[in-house]
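Build the full structure now, drawing on both the sequences and the hints.
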Amino acid sequence: MWLQRDLTLKPHPRGFHLITLEVMTALPEIAGMRVGLLQVFIQHTSASLTVSENASPDVRRDFERYFNHAVPDGWTGFEHTLEGDDDMAAHIKASVLGASLSLPVRDGRLALGTWQGIYLCEHRDHGGSRRLLLTLMGEGR
Amino acid sequence: MWLQRDLTLKPHPRGFHLITLEVMTALPEIAGMRVGLLQVFIQHTSASLTVSENASPDVRRDFERYFNHAVPDGWTGFEHTLEGDDDMAAHIKASVLGASLSLPVRDGRLALGTWQGIYLCEHRDHGGSRRLLLTLMGEGR
Amino acid sequence: MWLQRDLTLKPHPRGFHLITLEVMTALPEIAGMRVGLLQVFIQHTSASLTVSENASPDVRRDFERYFNHAVPDGWTGFEHTLEGDDDMAAHIKASVLGASLSLPVRDGRLALGTWQGIYLCEHRDHGGSRRLLLTLMGEGR
Chain A
1 MWLQRDLTLK
11 PHPRGFHLIT
21 LEVMTALPEI
31 AGMRVGLLQV
41 FIQHTSASLT
51 VSENASPDVR
61 RDFERYFNHA
71 VPDGWTGFEH
81 TLEGDDDMAA
91 HIKASVLGAS
101 LSLPVRDGRL
111 ALGTWQGIYL
121 CEHRDHGGSR
131 RLLLTLMGEG
141 R
Chain B
1 MWLQRDLTLK
11 PHPRGFHLIT
21 LEVMTALPEI
31 AGMRVGLLQV
41 FIQHTSASLT
51 VSENASPDVR
61 RDFERYFNHA
71 VPDGWTGFEH
81 TLEGDDDMAA
91 HIKASVLGAS
101 LSLPVRDGRL
111 ALGTWQGIYL
121 CEHRDHGGSR
131 RLLLTLMGEG
141 R
Chain C
1 MWLQRDLTLK
11 PHPRGFHLIT
21 LEVMTALPEI
31 AGMRVGLLQV
41 FIQHTSASLT
51 VSENASPDVR
61 RDFERYFNHA
71 VPDGWTGFEH
81 TLEGDDDMAA
91 HIKASVLGAS
101 LSLPVRDGRL
111 ALGTWQGIYL
121 CEHRDHGGSR
131 RLLLTLMGEG
141 R
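Residue numbers (UniProt numbering), protein chains in the order written: chain A, 1 to 141; chain B, 1 to 141; chain C, 1 to 141.
None of these hints come from the bench; they were simulated from the model.
Yeah, the Cβ is synthetic: ideal placement off N, Cα and C, and Gly gets one too.
Check each hint, because a few of them may be wrong.
As the list claims (entries may be wrong) - So the derived label-pair ranges between C-beta atoms look like this:
1) Asp6/A x Arg131/B: 30 to 36 Å
2) Arg34/C x Gly32/A: 18 to 24 Å
3) Pro72/A x Gly128/B: 31 to 37 Å
4) Thr20/A x Arg141/C: 29 to 35 Å
5) Leu18/A x Asp58/C: 32 to 38 Å
Stated by the list, open to error - Which bits of chain B does chain C cover? Going by a derived footprint, with three or more residues having C-beta under 8 Å, they are:
6) 45–53
7) 58–68
8) 78–90
9) 102–115
Right, here's the structure in full:
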């Protein structure tokens, strides 16, 4: 079974945001699958996706603070500066974290660990809405 | 063909560890596949998976040393410190390296390059045992 | 439908290179697929793959400059130095960026965003030709 669906996320402020619920709600068909994979793909180069701790908002703030330190806006080595100080840093962060997630599906549920959630990583100051493409594959129950 | 299997890894000390053999041993069914994919997923947010050099133990020690330098325990910018100095750094490292690997299967074998092995990246001082979920999909021979 | 194909890339200089066209040309069968996934896997531990901006060459130069700064050749903490100053740094960069890409296929095309392209990230001074293994799975139109 293959199924593909667009999911457009409303604009989020720069930072790391839990979107597990939006992704699950967009794909009620997961409930009918015995075994499979969900691929979540973001069709942008200045925002990204990752899996991390789903409970403490301070973890998400620490992600933002750390990555701003590791890849500074307007870093002196950057040549590509026409689109703003946050643009090139956003491309780098997006590649470090990645544009796609592969998540296992088991017995009608995303088989995440207890503490795992899906993050939208918005690396731009005004990134606007973001398009995800969800691809679900597997065998029914 | 779809197949899913749990693999619980015994506790490993903090650092980078080759687990290629454990993964292959857990899935003898790979031998019967002509073409496919193996997804390896770690159900934790303070340990991760990567593919790198499978021969020299000093490469794995250099990974540990480099990542401790790049993401220091107890970094002054971290707000989430309740669970110990190694906790927030572990979440960051885990997202940089990633929670899942997709590995091609061809003619009954994992189609890794000659020098590629699967690493468990244990980012905590006392991470305990770690749960992997292996999802194998593809066509038989 | 499952299909697997080798793609050997000619030697590229150290740096970040757009290879979207090479990958698409190697798999004309994508045109016949309604929904699917393409997995691109690099069988090496000192080169990697990522998705980023496909228009401006200065973005790719900034990637090279940034990663050389973040993971310096011959970093004083490295123990594995026998294969040259660029070797251990290449392993680290390759794991940060990753050995595989999962790209959605929709209606006969790779469903990349407007500005997304596939990069070969060559981390060695003389990496030579690089082997990719392309695995395409999905349903026909």
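Consistency of the hints with the structure:
{"no.": "1", "hint": "Asp6/A x Arg131/B: 30 to 36 Å", "in the structure": "32 Å, holds"}
{"no.": "2", "hint": "Arg34/C x Gly32/A: 18 to 24 Å", "in the structure": "20 Å, holds"}
{"no.": "3", "hint": "Pro72/A x Gly128/B: 31 to 37 Å", "in the structure": "36 Å, holds"}
{"no.": "4", "hint": "Thr20/A x Arg141/C: 29 to 35 Å", "in the structure": "32 Å, holds"}
{"no.": "5", "hint": "Leu18/A x Asp58/C: 32 to 38 Å", "in the structure": "34 Å, holds"}
{"no.": "6", "hint": "45–53", "in the structure": "holds (count 4)"}
{"no.": "7", "hint": "58–68", "in the structure": "holds (count 7)"}
{"no.": "8", "hint": "78–90", "in the structure": "violated (count 0)"}
{"no.": "9", "hint": "102–115", "in the structure": "holds (count 9)"}
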